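> Going down the list, the protein sequences come from chains A and B.
Numbered per our numbering, the first sequence spans residues 4 to 348.
Numbered per our numbering, the second sequence spans residues 4 to 348.
It should be emphasised that the hints constitute simulated quantities derived from the structure, not laboratory data.
Computed from a predicted model, the values in this text were never measured in an experiment.
Keep in mind that the hints are not guaranteed to be accurate.
Remember, identical chains collapse to one label, so a pair may be satisfied in a single copy or spanning two.
Derived DSS-like pairs (lysine-lysine); straight-line CA-CA distance at most 27 Å [said to hold, decoys possible]:
1) K302 to K220
2) K198 to K94
3) K252 to K302
4) K56 to K224
5) K224 to K94
6) K179 to K56
7) K252 to K220
8) K60 to K184
9) K239 to K60
10) K318 to K239
Protein chains: 2
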Amino acid sequence: MVYIAIIGFGNIGSGVAELLSANSAKVADALGDTVELKYILDINVPVGSPYEKYFIKDFSVIENDPEVRIVVETIGGAGAAYEFTRRSLLKGKSVVTSNKELVATHGAELVSIARDTNSNYLFEASVGGGIPVLRPLAQCLQANEIEEVYGILNGTTNYILTKMRSDGIRFEEALKQAQEKGYAEPNPESDISGKDTARKICILAAMAFGRLLDPDKIPVKGIQSVTLDEVLEAEKQGGSVKLIGRAAKLPDGQIGISVEPVTVSRDNLLSDVNDVFNGIVVRGNAVGEVLFYGRGAGKLPTASAVIADVIDAAKHFHARKRIYFEDGRNDAVGELPVWGNTINS
Amino acid sequence: MVYIAIIGFGNIGSGVAELLSANSAKVADALGDTVELKYILDINVPVGSPYEKYFIKDFSVIENDPEVRIVVETIGGAGAAYEFTRRSLLKGKSVVTSNKELVATHGAELVSIARDTNSNYLFEASVGGGIPVLRPLAQCLQANEIEEVYGILNGTTNYILTKMRSDGIRFEEALKQAQEKGYAEPNPESDISGKDTARKICILAAMAFGRLLDPDKIPVKGIQSVTLDEVLEAEKQGGSVKLIGRAAKLPDGQIGISVEPVTVSRDNLLSDVNDVFNGIVVRGNAVGEVLFYGRGAGKLPTASAVIADVIDAAKHFHARKRIYFEDGRNDAVGELPVWGNTINS
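So here's chain A without its partners, still in its complex pose (with noise of 0.2 Å):
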């Protein structure tokens, strides 16, 4: 038996009990042992709740408790989930995250003290949510030097750019439509002005050249300002606006980083990546490119993720050394070289 403590009980969090319980049988056929949950961390106890017996409100229970090896962290931003995350590392306990902000922020420190004590800091659902695609680029394409990372990483913004296209309305008016889909956030900040598309891009980064950049240090343009009219002369020339976050290794040995809404022609399938839908095109010096594509984000393809990160963590209690980037925060960021005529900026 492998016991587990959730941290967070929000949408990721309660999704990733309810799944583990839903394919339960899978998950043990798959790991050849049972995946048992013990303690889940929240201030909010749901009263009735078929896991109220779990709840806990002391972080030190599961800091101190041997038994746990393995601690989900579903709280989310880079305050509590930090500082949590850092004590279950420094424990030993290996930490399964979909905390894109905190892996963007801190993941350097993070997976460098998982080395250290011979943990595991595993992150897969921070980026495309239930699409694998850190793991495959980290593994499945090792014996390609990566020339460049780039993709749709945000549901929300594409599934506005997507509106405003196929109905014809303004920004306002699709941003209005998606929140009340409950697809944008009542405050969109983080999607809309890029940022969150800008730690997603930093990981993807970070995974293929082996340096963490600071997502608030690089170009980063949101779709605030991406008019209607933008819109349909982009479809009219054979293309479609599309939030791109961009990343490619650079001839001085600098990592080039970008954020920003691109007309994508229709020769390139992102162009036909649409509504809440994600797709990340890895380029690799033997194998060219490869498209990584379905949702973004969601309850469960995102907790999907997280659990295949749980099974990997109990496999291996050692750490791994794939999943290990150096901190870049201070580095310069390189400048990218203007797109040829596959995407059109």
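Fit chain B to the known structure of chain A by using the hints.
Quick look at chain B alone, frame taken from chain A:
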């Protein structure tokens, strides 16, 4: 130092040698050790080749050299390749291959021998060339019950169907162009008859559902009889004719598998997978549909998948539970339900 032998020095085998040398720094970094070529087994020694010194003609040299712990089988077919793979695994050597014919026919026996001798039989390159798909399916999606796998698995037939549509030409003319470009073999039978796709969908189904069915017993329809009229009619109705391999776990526990040309409607990304590219969709009960896309064949893309498996084998000399399935060659093949409106047959 990890010593390997390459058996069969054709297009893929020589690609493995070349890529190992070209990307040696990347490979050494990923593995934390160097991969050294020790032998090449082939009947033809290419005089003057930089690899001349590695050539041998007697397999037992490899078999009896304990220093060689990984054998790369790129002979193809199910004759000598089968014998040498068996003998390698029985000696506890791991075998890595791109040989879909061998995996599809004797894979269940070979993964079983690998399990018994605590070695690995790895074949990511046998489906989708360089596209990561088998490992993400087995690993990143392991928290999902897999419901269905389908896709465009053969680049030659996809090139022919793409050309028929784009140039308005008949099958015979498009095949001739594919042969001139080297995308189709002088004897294209196994591609155009759907046999190659059948082998690949059987391998995918084995990874997804745990049983390897006999590719000769599943219903297979190739593209020989697809007419230009059908291709143009599909386009008029907003779709594309694609050769689709498809497998699903049926409610009665049987596995349904088929290969046939299908009209894929434009709202499915597979309709935009053109030329020699492959696209593989996996549907899990939590993640929904995810798609993997890229070059499904070719010397360097395929070699990059082979070398990723070599690195994996070198990191884990013990048998991996997840690369395992039962022999289902005597299983009845279930009948797939007719497709809904995502893909109309």
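> Pop the pair K56 and K224 into one bin, within, between, both or neither, using alpha-carbon distances up to 27 Å.
neither (46 Å within a copy, 56 Å between copies)
> Is it within a copy, between copies, both, or neither that the alpha carbon of K302 lies no farther than 27 Å from that of K220?
This pair counts as neither: shortest intra-copy Cα distance 30 Å, inter-copy 40 Å.
> If the cutoff is 27 Å on CA atoms, where do K252 and K302 land: within, between, both or neither? Let me know, please.
Intra 33 Å, inter 24 Å, cutoff 27 Å: inter-copy only.
> 27 Å Cα cut-off: does K239 pair with K60 within a copy, between copies, both or neither?
neither (56 Å within a copy, 61 Å between copies)
> As a check of your reading, is K224 near K94 (CA-CA no more than 27 Å) within one copy, between copies, both or neither?
neither (40 Å within a copy, 58 Å between copies)
> Is it within a copy, between copies, both, or neither that the alpha carbon of K179 lies no farther than 27 Å from that of K56?
neither (39 Å within a copy, 69 Å between copies)
> I want to check one pair: K198 and K94. Are their C-alpha atoms no more than 27 Å apart within a copy, between two copies, both, or neither?
neither (32 Å within a copy, 54 Å between copies)
> Checking K60 and K184: alpha-carbon separation at most 27 Å within a copy, between copies, both or neither?
neither (33 Å within a copy, 66 Å between copies)
> As a check of your reading, is K318 near K239 (CA-CA no more than 27 Å) within one copy, between copies, both or neither?
neither (52 Å within a copy, 51 Å between copies)
> At most 27 Å between CA atoms: does that hold for K252 and K220 within a copy, between copies, both, or neither?
This pair counts as within: shortest intra-copy Cα distance 17 Å, inter-copy 48 Å.
Of the hints listed earlier, those the structure fails to meet are numbers 1, 2, 4, 5, 6, 8, 9 and 10, in rising order.
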